[in-house]
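A.B. asks: The task is simple: from the sequences and hints, build the whole structure.
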Amino acid sequence: MNDDPKILAFLCNWCSYAGADLAGTSRIQYPTTLRVLRVPCSARVNPQFILKALQEGADGVLVSGCHPGDCHYLEGNYYARRKFATMLDLLEYVGLEKGRVRFSWVSAAEGGKFAEVVKEVTDGVKQVKDTSQFLKKRDWPSE
Amino acid sequence: MSKSLTNSIREEARKILQEGKVDFVIGYGQGDNSMRTQPVFIDKVEDIDKLVWPSFGLINLANYLLRYRTTRNTPHKIGIVAKGCDSRSIVALLKENQIDRDRLFIIGVNCPGMLSRQVAREKAGEIVAASSNGDKWSFETTEGTKEISCFDLMPSNCVACRHHAPVISDVVVGDSIKEPDVEDDGYDSIREFENKPAPERYQYLMSEMSACIRCYACRQACPTCNCDECFVDITQPKWVDKGLEPTDLAIWQLIRTYHQAGRCVDCGACEEACPMGVKLLWLTRKMNLVVRERFGFEAGVDPEALPPLATYKKEDPQEFIL
Ligand code: SF4
Ligand code: SF4
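Chains as they are written, first to last, in the numbering used here: chain A, -6 to 136; chain B, 8 to 329.
The hints are simulated quantities; they were obtained by calculation from the structure and are not laboratory data. Backbone N, C-alpha and C define an ideal beta-carbon position, used for all residues, glycine too. Incorrect hints may have been included.
[What the hints assert, rightly or not] Computed beta-carbon distance windows for the label pairs:
1) A:Glu68 to B:Arg43: 45 to 53 Å
2) A:Asn(-5) to B:Glu147: 52 to 60 Å
3) A:Glu68 to B:Tyr223: 46 to 54 Å
4) A:Ile21 to B:Pro324: 25 to 33 Å
5) B:Tyr223 to A:Asp132: 50 to 58 Å
6) B:Glu201 to A:Asn39: 32 to 40 Å
C.D. replies: Pasting the structure below:
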């Protein structure tokens, strides 16, 4: 149980980032667990980024983009969806605890949904028993 | 070494060299002992006897086509010997515009399966000398002599193989082989592993990878691990640190596996090449299963189909997205 998790969020510039902004300007309360990183498109997020985040100490990772059909670049999120599905299946196969790596579609008009997503993702990450999976050992190789 | 396949390969190679259809032929050659196979590049008919059909031949010859990539503008016309999985890798490379079909002459081989040095080492121990007699091999080991049947020396990927026949070729040698008609689709061991508790699976990943010495032999052995600059070699930004820190080792192999999505043909060359005996197919094969179940795709089988991560369907499942 981790009461104050750090979650790295990759939010696409055109939808989810604006959705987060709307949640803020509408004064909707949600957990303060996110560290937001703005990206041009969910397809910009190389699955490698996710592993790097876990390695560098993120308790959880959220990638959020536009709903299918709404991508600013028309089809970026469709490609992203295939990449994430593939990577997520592989990570769960090698025993990554469920709830640490999450994905969502949040549009610029969905401030409320954004807050809900953050709540759900935060609750999930809090349940994770072992956030040391994939955490880099800084003192390596001293024994 | 199978006599008849060796003879037919030599015959076909001689023909295309004499007729001037190719400048040279890439094939299997005898390595420095009876359990080693190396690629040979034959450009003279006098050298044709260097071509063999190997027993321990878990290398993927499509790999050597990368020296003659389209972008390198080499003028050569190339003959290549290709078993089932090599031919699938050729298809995968053609799909990615790495090589030109019209500069290739493919001598396809109906492959009865290869034997694995890794398996032999696991079952026999430290091997000093090896010789074959019929359908058995006998190994001199540090603990005495052991006899093992050829079937028991087959690697898991050959046992599970559904593509003994080349999928693309200009001529085919060898008797056609009946594809096995059994329940196990080759992924049973993967599903079994999936059913273990997550911490145990993570433990397994870390313990397998802890043997890795970052020699990259697995990458070099693979025809579809062919980027000019591999992500592990990039230093700005540095994705994976140099050295043997455990998460770096695991992430190195996970990303390599991810990059094989829809491209790995399960030839087993990577696992066979590993000097540390790291199990790699349990990862790549999971990737193959994911690609098959999610996108209905099998690498290197259909020359027309787009690689799965280079395309999409609007109705792709998205049960994992909030
Ligand atoms: S990843 Fe391994 S099994 Fe797959 S194509 Fe490459 S060398 Fe062959
Ligand atoms: S061949 Fe084996 S030891 Fe070498 S990099 Fe690959 S997994 Fe590591």
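A.B. asks: Does each hint fit the structure? Answer for all of them.
C.D. replies: Now the hints, each set against the structure:
{"no.": "1", "hint": "A:Glu68 to B:Arg43: 45 to 53 Å", "result": "holds (48 Å)"}
{"no.": "2", "hint": "A:Asn(-5) to B:Glu147: 52 to 60 Å", "result": "holds (56 Å)"}
{"no.": "3", "hint": "A:Glu68 to B:Tyr223: 46 to 54 Å", "result": "violated (34 Å)"}
{"no.": "4", "hint": "A:Ile21 to B:Pro324: 25 to 33 Å", "result": "holds (30 Å)"}
{"no.": "5", "hint": "B:Tyr223 to A:Asp132: 50 to 58 Å", "result": "violated (26 Å)"}
{"no.": "6", "hint": "B:Glu201 to A:Asn39: 32 to 40 Å", "result": "violated (26 Å)"}
Violated hints, in rising order: 3, 5 and 6; the structure is consistent with all others.
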